[in-house]
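> Now for the letters of each chain:
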Amino acid sequence: MNNFTYEELELGHTESFSVTITQEMQDSFRAMTGDVNPLHSSEEFAKAKGYDGVVVFGMLTSSLYSTLAGVYLPGEKSLVHSCEAKFMKPVYIGDTLTVEGKVDEKNDTYGLIRIKAVIRNQNGVKVSKASLQVGLI
Amino acid sequence: MTREEIFEEVTEIFRDVFDDDELEIVDSTNAEDIEDWDSLEHINLVINMEKKFGLKFNLKEVGELKNVGEMVDLILRMKTNE
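Which chain is which? The protein sequence lines are A and B, in order.
Per my numbering, residue 1449 is the first one in the first sequence, and the count goes up by one each step.
Per my numbering, residue 261 is the first one in the second sequence, and the count goes up by one each step.
Accuracy of the hints is not assured; some may be wrong.
Below are the SDA-like pairs computed for lysine to any residue, each with C-alpha atoms no more than 20 Å apart in a straight line [claimed, not checked]: (1) Lys311(B) / Gly1460(A); (2) Lys311(B) / Gly1583(A); (3) Lys320(B) / Gly1559(A); (4) Lys311(B) / Val1519(A); (5) Lys316(B) / Thr1557(A); (6) Lys312(B) / Glu1553(A); (7) Lys1554(A) / Lys311(B); (8) Lys1564(A) / Ile303(B).
Interface residues of chain B toward chain A, partial, derived using beta-carbon atoms under 10 Å [unchecked claim]: (9) Leu300; (10) Asn318; (11) Leu334; (12) Leu336.
If you're looking for bench data, these hints aren't it; they were derived computationally from the structure.
Even glycine gets a Cβ: it sits at the ideal position worked out from N, Cα and C.
Using the sequences and the hints given, assemble the complete structure.
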């Protein structure tokens, strides 16, 4: 786990990591949230709606922004204030996602950073983007 | 900038942060008057004011402000002393 201080982080500092979305993740997310919408569980339903297969929960994909801040940027000192995320393209079970975050702003008064983040799949397609405000505790 | 001009800009920042185009503020407005004005939104207000007016506040000074009017007066003092 990274442990950057506010002073160590410069504008443009970038961190990234990759994760492969598994069926187990999808099932765990459904169990936690109670979102039983068939788009996220029924192959037949998803294909009838024009998707290639069961669609991964957008909020599951977005939960990787928590990992980005809490483990990588800044890591241990992270306290996420806000996260504005967009789900741009569908994510499917088995996709390998690369999450990348860059320090876009620093605020000296409060010692917090704004991170511009993107998530791309194994084909380089941007599936999500977000803006996070993160304090350093 | 005049105090009126600063107040107008501050009003726009409040409307933007609280996502309410009809929000009206006065000098005495404080966190008790706006339901969504919590500690995180307070940070957003201060950050947006720093950006808008090109200022860097002192955290202690900002923490002692009691209402919008005092914030406007602080900005006016800092802009006047630039």
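> Run every hint past the structure and note whether it holds.
Tested hints:
Proposed proximity of lysine 311(B) and glycine 1460(A) is supported: the alpha carbons are some 19 Å apart, at most 20 Å. Under the criterion of a C-alpha separation no larger than 20 Å, the hint pairing lysine 311(B) with glycine 1583(A) is consistent with the structure, at around 18 Å. Only pairs whose Cα atoms come within 20 Å are accepted, and lysine 320(B) paired with glycine 1559(A) is accepted, the gap being roughly 14 Å. Note on lysine 311(B) and valine 1519(A): the hinted pairing is violated, with a Cα-Cα distance of about 29 Å set against a maximum of 20 Å.
With a CA separation close to 7 Å, the supplied pair lysine 316(B) and threonine 1557(A) stays within the 20 Å bound. In summary, the hint linking lysine 312(B) to glutamate 1553(A) is supported, as the alpha carbons are separated by about 15 Å, within the 20 Å threshold. A C-alpha spacing of about 12 Å is found between lysine 1554(A) and lysine 311(B), which places the hinted pair at or below 20 Å, so the restraint holds. Under the criterion of a C-alpha separation no larger than 20 Å, the hint pairing lysine 1564(A) with isoleucine 303(B) is consistent with the structure, at around 19 Å.
The beta carbon of leucine 300(B) is positioned within 10 Å of a beta carbon in chain A (closest approach about 5 Å), and the interface hint is therefore held. For asparagine 318(B), the suggested interface contact is upheld, since its CB lies about 8 Å from the closest CB of chain A, less than 10 Å. At about 13 Å, the closest approach between the beta carbon of leucine 334(B) and any beta carbon in chain A exceeds 10 Å, and the interface hint on this residue is violated. The closest approach between the C-beta of leucine 336(B) and any C-beta of chain A is roughly 18 Å, which is over the 10 Å cut-off, so the hint fails.
Checked against the numbered hints above, the structure violates hints 4, 11, 12; every other hint is satisfied.
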